[in-house]
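Engineer: For the record, the sequence lines run as chains A and B. Read in the UniProt record's numbering, the first sequence has 171 at position 171, and its numbers run on one by one without any break. Read in the UniProt record's numbering, the second sequence has 30 at position 30, and its numbers run on one by one without any break.
Heads up, a few of these hints could be off.
[Stated by the list, open to error] As a list, the in silico EDC-like pairs of lysine to aspartate or glutamate whose alpha-carbon atoms are at most 16 Å apart: (1) B:Lys73 x A:Asp78; (2) B:Lys66 x A:Glu71; (3) B:Lys58 x A:Asp78; (4) B:Lys78 x A:Asp78; (5) B:Lys25 x B:Glu96; (6) B:Lys58 x A:Glu83.
It is worth saying that the hints were derived from the structure and are not from the lab. Keep in mind it's a predicted model, so treat the numbers as computed, not measured.
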Amino acid sequence: MEPKKLTRLQEEQLKAINDTKTKITQLEKYKEDYTALRNKLKTFPDELSHEIMVPFGKLAFMPGKIVHTNEILVLLGDNWFVERSASQAAEIANRRIKDLDTKLVDLNKQRKLLEPRLNFTSEFRTALENSSEVKEIVEEYDEEKERLWDEQHRRNVRKYKAELRQSSINKTIKENKAEGKPATDFELWSRLNELEMLEKEKGELNSEFDGDSNGSADDISESDKEKILKRRVSWADVEEKTLQRNSPVDPDIHEAPTDEDDTDDSNDDETIRPVQRVIRFTHTPTPTKLSHQVSDSGDGRIQSPADLYKLYSPKSILKKTSGSGDVSVACVKETDSTVCDNSGALEPFHLSEEVEPHKVITESLHDADVPLAFSKDILPPSSSQKAFTGLVLEKSTTGQLKSLETEKHIVSEVKTSAQDPPKRISKFKAGRMSQQSH
Amino acid sequence: MADGLQKRLQNELDKFQSVQKDVAKHIGLRQQLEGQLSENSLVKEELDRLEDGAGVFKMVGPALIKQDLSEAKQNVQKRIDYINGELKRHDNLIKELEKKAESHRDSLNKLQHQFQQAQVKAAAKS
Numbered sequence: 001m002e003p004k005k006l007t008r009l010q011e012e013q014l015k016a017i018n019d020t021k022t023k024i025t026q027l028e029k030y031k032e033d034y035t036a037l038r039n040k041l042k043t044f045p046d047e048l049s050h051e052i053m054v055p056f057g058k059l060a061f062m063p064g065k066i067v068h069t070n071e072i073l074v075l076l077g078d079n080w081f082v083e084r085s086a087s088q089a090a091e092i093a094n095r096r097i098k099d100l101d102t103k104l105v106d107l108n109k110q111r112k113l114l115e116p117r118l119n120f121t122s123e124f125r126t127a128l129e130n131s132s133e134v135k136e137i138v139e140e141y142d143e144e145k146e147r148l149w150d151e152q153h154r155r156n157v158r159k160y161k162a163e164l165r166q167s168s169i170n171k172t173i174k175e176n177k178a179e180g181k182p183a184t185d186f187e188l189w190s191r192l193n194e195l196e197m198l199e200k201e202k203g204e205l206n207s208e209f210d211g212d213s214n215g216s217a218d219d220i221s222e223s224d225k226e227k228i229l230k231r232r233v234s235w236a237d238v239e240e241k242t243l244q245r246n247s248p249v250d251p252d253i254h255e256a257p258t259d260e261d262d263t264d265d266s267n268d269d270e271t272i273r274p275v276q277r278v279i280r281f282t283h284t285p286t287p288t289k290l291s292h293q294v295s296d297s298g299d300g301r302i303q304s305p306a307d308l309y310k311l312y313s314p315k316s317i318l319k320k321t322s323g324s325g326d327v328s329v330a331c332v333k334e335t336d337s338t339v340c341d342n343s344g345a346l347e348p349f350h351l352s353e354e355v356e357p358h359k360v361i362t363e364s365l366h367d368a369d370v371p372l373a374f375s376k377d378i379l380p381p382s383s384s385q386k387a388f389t390g391l392v393l394e395k396s397t398t399g400q401l402k403s404l405e406t407e408k409h410i411v412s413e414v415k416t417s418a419q420d421p422p423k424r425i426s427k428f429k430a431g432r433m434s435q436q437s438h
Numbered sequence: 001m002a003d004g005l006q007k008r009l010q011n012e013l014d015k016f017q018s019v020q021k022d023v024a025k026h027i028g029l030r031q032q033l034e035g036q037l038s039e040n041s042l043v044k045e046e047l048d049r050l051e052d053g054a055g056v057f058k059m060v061g062p063a064l065i066k067q068d069l070s071e072a073k074q075n076v077q078k079r080i081d082y083i084n085g086e087l088k089r090h091d092n093l094i095k096e097l098e099k100k101a102e103s104h105r106d107s108l109n110k111l112q113h114q115f116q117q118a119q120v121k122a123a124a125k126s
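Chain A with its partners taken away, still in its complex shape (with noise of 0.2 Å):
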């Protein structure tokens, strides 16, 4: 800090302090001038009229007597007068010296704040001045450049906050495979979460895989994930490898990406069923229409926002785990008994939206009372060889590209295999192939 700023710095503080210190002067004077007032007030009704020294103009004074002593007049500000007695105006002084003496309090105050930043100013410019060995460390401020490596360490606490995310997941699983079986369901479901997550960022970090590599990325996610159920499950001779690749699919159909949990949830449950299940469905052939249904305009007219949807199908943004026309709740039912009663004909299935795919598995889940403890007894002997069979309805708003995405679903379920993930192909390819194939 060079001199001459310390020195503009020292007097601008010395001049907040005199001003305090003015202040301060100035109204101690008055309290002791109301002091004394109230004293000569409290005196006045001692005697009929006292004897004084009444001045007259600026260098004479008179002898005189102050009489009527008990009638004052006060002036309470603002040009306003009250007629008072001599003990009332002596109250009158009283508040008004109160008053200053809390004024002075702070004004004494603020001076005790002020005085020690002079101090530190002065000390400093002669610590500067004369030590060698005290060196100024000065850091230049720039605008810019705070406000860009602002924003890169909010990228790399991001960063880092995500990797301590994944290394917790990573030592979570470890500590789980060291404890063993867990007691309760809800710590095996908190698990299944944590491993769906788990997923979830491998499939978001894995984003270049081809079809091939996916199969090992699945074998070996797939393989996790049975080691840890199997753990707390007791299969019975489960092939599930067998079942990764044996149900047929449509073939042009591909899998939607990992990022679904309903998926994996399903996926789990399709491998637990030890016998080998096929699932054929048909697809109504074109989006239903539902309540959202709007005035139809003339072809290609667009009368309302609703008509936007009609002419163009835009990308839903909808997570795939919400409900709305989501399948895989059918398929997921149908491990429950009670539904798969309906294994001949079934009706198509309407899904409501508010039933999420997770929920679902939850109760079904716990209806059978063993937490994944699935067996041949469960699942009943009349779905056979049908999962499921019937007509899937499509619930879809936004036209053909969500049903592109039930679609995925679905298919991504019949896969009994738990791919995770699965066959990754690009939404787009997915799209133009399924349009073909309808």
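Mind docking chain B on chain A? Use the hints.
Structural biologist: Structure of chain B alone, referenced to chain A:
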């Protein structure tokens, strides 16, 4: 080019200073109003303490004119309200003026930068 810049700089500076003066004036007015407000609130307190029948006088010029106590109270209250309103108005004015001053300051800075750059260039050329 440099001259033009300089002229603009000078202009901006003048405007800025005038705005600052306005700001200072209004701040002074505001402080005065604040003083009056505190004074009047004191008066009101004292008037409240007065019992009925006590003589209240208003100083109009060199004369003291007797006033009714309730009337006096009302007057003082009205004055307080009026001062409050004036205070708010002044506050708003001050805020606006300060904003103007800010904008002027910013433009001044920019112009100064440009001017300096122009000077540097001129120096480099010559």
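Engineer: Starting from the hint list further up, note which numbers the structure goes against and sort them upward.
Structural biologist: No numbers; nothing is violated.
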